[in-house]
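The listed protein sequences derive, respectively, from chains A and H.
Heads up: the first sequence begins at -8 in the working numbering, then just goes up one per residue.
Heads up: the second sequence begins at 548 in the working numbering, then just goes up one per residue.
Hints were generated in silico from the structure; no laboratory data involved.
Certain hints may be false.
[Said to hold, decoys possible] List of simulated lysine to aspartate or glutamate pairs, EDC-like, C-alpha gap at most 16 Å:
{"hint": "1", "chain 1": "A", "residue 1": "K122", "chain 2": "H", "residue 2": "E605"}
{"hint": "2", "chain 1": "A", "residue 1": "K128", "chain 2": "H", "residue 2": "D895"}
{"hint": "3", "chain 1": "H", "residue 1": "K574", "chain 2": "H", "residue 2": "E594"}
{"hint": "4", "chain 1": "A", "residue 1": "K122", "chain 2": "H", "residue 2": "D742"}
{"hint": "5", "chain 1": "A", "residue 1": "K122", "chain 2": "H", "residue 2": "D931"}
{"hint": "6", "chain 1": "H", "residue 1": "K749", "chain 2": "H", "residue 2": "D827"}
{"hint": "7", "chain 1": "A", "residue 1": "K(-7)", "chain 2": "A", "residue 2": "D16"}
{"hint": "8", "chain 1": "H", "residue 1": "K551", "chain 2": "H", "residue 2": "D570"}
{"hint": "9", "chain 1": "H", "residue 1": "K830", "chain 2": "H", "residue 2": "D798"}
{"hint": "10", "chain 1": "A", "residue 1": "K122", "chain 2": "H", "residue 2": "E737"}
Predicted model, so just to flag it, every value in this text is computed and none were measured.
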Amino acid sequence: MKYATTVGGQTFIMDVNRDDQVTVDGETLAVDFFSIDQVTEFSLLLDNHSYELLVNEADGDYQVLLLGHLFNARVEDERARRLAQAVRGFAPTGGELQIKAPMPGLIVAIPAMLGHVVQQGDVLVILESMKMENEIKAPRDGVVSGVRTQLRQNVEQGQTLITIT
Amino acid sequence: MFNKILIANRGEIAVRIIRACRDLGVKTVAVYSDVDRAALHVRYADEAYHIGPPPARESYLRIDKILEVVERSGADAIHPGYGFLAERPEFALACAEKGVAFIGPPASAIGAMGDKAVARATVQKAGVPVVPGTEGEGGLRDKEILAVAPQVGFPLLVKATFGGGGKGMRLVERWEDLPRALVSARREAEAAFGDGAVYLEKVVEGARHVEVQLLADQHGNCVHLGERECSIQRRHQKLMEEAPAPFVDDDLRRRMGEVAVRAAQAIHYSNAGTVEFLVDKDKNFYFLEMNTRLQVEHPVTEMVTGIDIVKEQIRIARGRKLRYAQDDIHLNGWAIECRINAEDPFNDFVPSTGRINALGRPSGPGVRVDSGIEEGSEITPYYDSLLTKLVVWGETRGEAIVRMRRALREYRVIGIKTNVPFHQAILESHRFHGGQFDTTFVEQRFSMDEDVPPELPRVAAIAATLAAHRRGQEATQIVHGPTQDVSNWKLAGRVKR
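With the rest of the complex left out, here is chain A (with noise of 0.2 Å):
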């Protein structure tokens, strides 16, 4: 099976047809993928060089933390790839945007207002959380289309709490 996977800007085109080899970019080296938790943590020895590594997966791209650093890797298999180039042209829609609650916590403000305009970096709503005040700021320009939360709500991580368009 081939695959086109992009780490921070390069591509590497890799072929995995056996359990103890892989081809990347045309070299061969012997390859030993052990998961150690079943689910995120794994050994891998590349040519006889041990590394220990976390993978997770998420939206589609695989996270990869190694010796301190985080690495964003998007793995396109054959298939994949010729359904990206099909599709390819259409542009994504602007839409709703729902700012979601990075982590739980108690929301102690909310400058946000129904019909406000906003710009990219303005605060939303504050939440503490772990004795300390975080700010939750628009990621981008838009008008404020729902606020979906009050004060001294306590929220979950990934609740909704503002919308805009």
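Model the placement of chain H on the given structure of chain A, informed by the hints.
Then chain H, alone, in the frame of chain A:
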């Protein structure tokens, strides 16, 4: 010696205190909230009592509930740790009234140093130089603050009068930003310390945060145990500390130590305490504040002096005379501490909550781990994000740095995000190696993305690819699905061996 000590705290410091008690043969009593039932300090103590729901103000800050546990358990002393009630004079007073020993300074000293504005005025009278700021004592109203701010000069810091731990502080560059900073600082201070009073302090450019550890007995004797460098901070919260401080020579150490002892004696201090100074590029030092409690970073001083500060605290509270004169204190080698927090350094240090599924601790020569967590521990948003302190000792600063790199690499936490990669990046930084940093280093001169070894992106790519490949193999072994569903997979031909 005391028979039984109640630890009015949680997490790593509660475990630390229990250890000192065990080393002295004293029994221990733990208190816990709903979410701390399975916490390490509860499992480790001799007795444990439930004191309420998770929010601190309904449990760990409830003086009445804690004194009730004193009654039930028969404890004859309380150690408050740091944070929570450690610097509340009313708690020290309540302990005195109850007839239970408070392992810390007298309530009057806590009060004198607790109000930062009063503290500055008090030590100034004793001839101690202070960081320029609002003069006089007492709480200032917004109008008065706005009026006096131009005299203090910009940039300045709005600081919580009863603050600590970097909370309730705001940096203000221009007068126009001051009103909003006041609202925000007061609110955070109110939530963290129960009082929104603030004062102003001029920003000392290029300042390093150097603090001096003190031990004083109840008989008027006071010694200093050398200094600590704490300039690696983010949002005014310390992240990394070391002892001794990289650019403090013997003469500066002696002078700062003498001034610190003088400040302590001016308020009839006893037990452990720390005087914090700002030191500018010309080695002038200014009193910042005094912490009338055991501090988070005390282990680095313990590692270079060989003195167990918590054991000494307990002895002093029992009325014993200090075992050391200043000439007995020698600094040997170098120690570094990294605070491991439940935060994601790749996502603006957003706090990370969840369950710790796996934990691997560093060990070996010169490595000390002060931890409050175990496998299975739940990290919740109710308390601060400190999980563990990794502390190393080396004969030289260079050896300590290499050892810390090893310790960080050995430290594994699965289930939540930690700031370990941040510490690893700091330890790679040339400026850190050279000791060339001040309190602005993390926020202004440091980036997580620097210096990626060139071979790593390829390794990461290979790992991601193999993980994806494995996932693909596992997925195609479960070939089900409604036949009427027309999906991309089917269109592209999904059948594989």
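Comparing the hints with the structure gives:
1. Restraint check: the Cα-Cα separation between A:K122 and H:E605 comes to about 15 Å, which is no more than 16 Å; the hinted pair holds.
2. At roughly 13 Å between alpha-carbon atoms, A:K128 and H:D895 fall within 16 Å of each other, so this suggested pair holds.
3. With a C-alpha separation of about 8 Å, the suggested pairing of H:K574 with H:E594 holds against the 16 Å cut-off.
4. Among the hinted pairs, A:K122 with H:D742 is consistent with the structure: their alpha-carbon atoms are about 14 Å apart, no more than 16 Å.
5. A distance of roughly 6 Å separates the Cα atoms of A:K122 and H:D931; the hinted pair therefore holds under the 16 Å criterion.
6. Of the pairs offered as hints, the one joining H:K749 and H:D827 holds, with about 13 Å between alpha carbons and a cut-off of 16 Å not exceeded.
7. Of the supplied pair hints, the one linking A:K(-7) and A:D16 holds, its CA atoms being roughly 11 Å apart against a limit of 16 Å.
8. Restraint check for H:K551 and H:D570: satisfied, since their Cα atoms lie roughly 13 Å apart, inside the 16 Å limit.
9. A C-alpha spacing of about 11 Å is found between H:K830 and H:D798, which places the hinted pair at or below 16 Å, so the restraint holds.
10. Pair hint A:K122 plus H:E737 holds up; C-alpha atoms about 11 Å apart against a cutoff of 16 Å.
Against the hints set out earlier in the document, no violation occurs for any number.
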